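Chain residues, written in single-letter form:
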Amino acid sequence: MKILGLDSSGLVASVAIVEDNDLKGEYTVNYKKTHSQTLLPMLDEVAKMIELDLNSIDAIAVSGGPGSFTGLRIGSATAKGLGLALGKPLIHIPTVDALAYNLAGNRDNICPLMDARRNQTYTGLYRFDGNQMEIIKPQCAVGIDEIIAEVNKLGQAVVFLGDGVAVFEAYIRENCTVPYTFAPAHVNKQRAGAVAALGEIYYTEGKTETAEEHKPDYLRLSQAERERLEGEQKK
Amino acid sequence: MVTLQMMNKEIKILAIESSCDETAAAVVVNGRDVRSNVISSQIALHTLYGGVVPEIASRKHIEKINQVIEQALSDASVTLDDIDAIGVTYGPGLVGALLVGVAEAKAISYAKNIPLVGVHHIEGHISANYIENKELEPPFLCLVVSGGHTHLVKVLDYGKYEILGRTRDDAAGEAFDKVARAIGLGYPGGPKIEKVSHEGNPHAMEFPRAKIEDGPYDFSFSGLKSAVLNYINGCNMKGIEVVQADVAASFQKAVTDVLVGNAMKAIDEFKMDKFAIAGGVASNGTLREAMREACEKKGVKFYHPSPIFCTDNAAMIGVAAYYDFLAGKRDGLDLNAIPNLKLGER
Numbered sequence: 000m001k002i003l004g005l006d007s008s009g010l011v012a013s014v015a016i017v018e019d020n021d022l023k024g025e026y027t028v029n030y031k032k033t034h035s036q037t038l039l040p041m042l043d044e045v046a047k048m049i050e051l052d053l054n055s056i057d058a059i060a061v062s063g064g065p066g067s068f069t070g071l072r073i074g075s076a077t078a079k080g081l082g083l084a085l086g087k088p089l090i091h092i093p094t095v096d097a098l099a100y101n102l103a104g105n106r107d108n109i110c111p112l113m114d115a116r117r118n119q120t121y122t123g124l125y126r127f128d129g130n131q132m133e134i135i136k137p138q139c140a141v142g143i144d145e146i147i148a149e150v151n152k153l154g155q156a157v158v159f160l161g162d163g164v165a166v167f168e169a170y171i172r173e174n175c176t177v178p179y180t181f182a183p184a185h186v187n188k189q190r191a192g193a194v195a196a197l198g199e200i201y202y203t204e205g206k207t208e209t210a211e212e213h214k215p216d217y218l219r220l221s222q223a224e225r226e227r228l229e230g231e232q233k234k
Numbered sequence: 000m001v002t003l004q005m006m007n008k009e010i011k012i013l014a015i016e017s018s019c020d021e022t023a024a025a026v027v028v029n030g031r032d033v034r035s036n037v038i039s040s041q042i043a044l045h046t047l048y049g050g051v052v053p054e055i056a057s058r059k060h061i062e063k064i065n066q067v068i069e070q071a072l073s074d075a076s077v078t079l080d081d082i083d084a085i086g087v088t089y090g091p092g093l094v095g096a097l098l099v100g101v102a103e104a105k106a107i108s109y110a111k112n113i114p115l116v117g118v119h120h121i122e123g124h125i126s127a128n129y130i131e132n133k134e135l136e137p138p139f140l141c142l143v144v145s146g147g148h149t150h151l152v153k154v155l156d157y158g159k160y161e162i163l164g165r166t167r168d169d170a171a172g173e174a175f176d177k178v179a180r181a182i183g184l185g186y187p188g189g190p191k192i193e194k195v196s197h198e199g200n201p202h203a204m205e206f207p208r209a210k211i212e213d214g215p216y217d218f219s220f221s222g223l224k225s226a227v228l229n230y231i232n233g234c235n236m237k238g239i240e241v242v243q244a245d246v247a248a249s250f251q252k253a254v255t256d257v258l259v260g261n262a263m264k265a266i267d268e269f270k271m272d273k274f275a276i277a278g279g280v281a282s283n284g285t286l287r288e289a290m291r292e293a294c295e296k297k298g299v300k301f302y303h304p305s306p307i308f309c310t311d312n313a314a315m316i317g318v319a320a321y322y323d324f325l326a327g328k329r330d331g332l333d334l335n336a337i338p339n340l341k342l343g344e345r
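These protein sequences, in sequence, are chains A and B.
Numbering of the first sequence is given in numbering that gives the first Met the number 0, commencing with residue 0 and proceeding in unit increments.
Numbering of the second sequence is given in numbering that gives the first Met the number 0, commencing with residue 0 and proceeding in unit increments.
It should be emphasised that the hints constitute simulated quantities derived from the structure, not laboratory data.
Bear in mind that the values here come from a model prediction, so they are computed numbers and not experimental data.
Treat each hint with caution, since some may be false.
To be verified - Distance windows between CB atoms, simulated:
1. B/Gln70 <-> A/Asp19: 30 to 38 Å
2. A/Arg225 <-> B/Asp83: 41 to 49 Å
3. A/Arg225 <-> B/Glu69: 28 to 36 Å
4. B/Glu69 <-> A/Asp216: 17 to 25 Å
We treat Cβ as the ideally placed atom computed from N, Cα and C, and that holds for glycine.
Using the sequences provided together with the hints, build the complete structure.
Rendered as structure tokens:
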């Protein structure tokens, strides 16, 4: 089984190929947000390095949100274009799940934190039994106070990761009452390796979709829709 | 360069357009033969907001794009293996919307090893005139009028343009939308104003026709728009009933006069014998008739695309891509969306 993984949901752009639980190649850049210009050249580079015949992949796993709306669409449109051209299915991997999967095997609870602006974070809560991931709280957009309250309520040690750590570190230090650590550099941001590895599991479980069906899961309405609904509620 | 080999072969272009609120794909053969032209319009969705909402447009594009492309291929009875090049709009337009088409086109181009040609949206609109007028070739003068653009352009050759004039403020179509909203017609303004104008007197009010001192071919529609708004406010304050049809007809006449005036001035100055209009506003019947009449008086041949090729569509992008492809233009996997791309930039 050969899975191509893509993640452009945040500041990181990342592509990876996983074959039978083996990471064949991964290219991750956490620099400037120019995913539109970098994502495909990165794939091309990795593909050349590992002499990948694109037609030999079984499916394309893509980090499907939440994240930067534009970033998600660049990854999504890239995956949909590849899927259409190659006639391959897509695998929609929730972004926060893939972040948590970076820390597979960890004995503490895992709490990814993505900066969602407007005083919110895209987050969730996970724990591992070996490499088996259990979702305690599925990915969602909530205030940092709400997720830290849940972390505290579980009463167990926790590892935080994601680009939200830098944003919410002060709050965590002040309010987190359970033992906590911050994940180290090589596993604390989005990585397509984790997207593709989870993709293998999803693929085995038959959790695929067609390239046409795929769309990002933003976890949020657009501002215009939100304001329209708020206006209607006031009436 | 057009080589003999290229002339003898059918060149099939798959074109993709997603710069604003239409998701579109088309297959065009040899630049003039449209084999399919699929447009998924979002107008109904944006009507709720009185105009195009960029984030909503981008979300809709991603949901529709594969379906639209597959439909375009199947309507033309071809597969990607038959396609010689992919043309995609990469600007100007809404950046989030453009990015969907660009990322999709690049991925298909990469996976199937099909050459990629980035196309300028306005060049696409101009090129729409080639579809139904097989004899039309540059040089000619073209007026591009749409919701986002108002350009008077000398088409020197395929892919070579000289901009003579542009709007200093609102685009012509934007003025239609704003006035339509002010007189209670709603969005989209162009077709609604045209319809109600048939019942109105175009000489009921004399709205201003802006002339720009230092740009003889430039346009300005914000003064006209303000004049209409002031007129409506004045009526409301004096308790006079606003006759919607008269305001619409008089406004439309003012826009038409300015567009025709500048175009005819350029035709005289540059001794052009062919004139074309393009863009969404080019499907306005009153504007088309006024242009036709003015051109006939001068013995100038007048061209305009059918409404289906005036609105945003991918067929026109396929036409422009064809001539760029022949000229050797190729884009790489790093092609980006450029929201403010200038006409003629390569």
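Hint check results:
no. : hint                             : result
1   : B/Gln70 <-> A/Asp19: 30 to 38 Å  : holds, 37 Å
2   : A/Arg225 <-> B/Asp83: 41 to 49 Å : holds, 44 Å
3   : A/Arg225 <-> B/Glu69: 28 to 36 Å : holds, 32 Å
4   : B/Glu69 <-> A/Asp216: 17 to 25 Å : holds, 23 Å
The earlier numbered hints are all upheld by this structure, with none contradicted.
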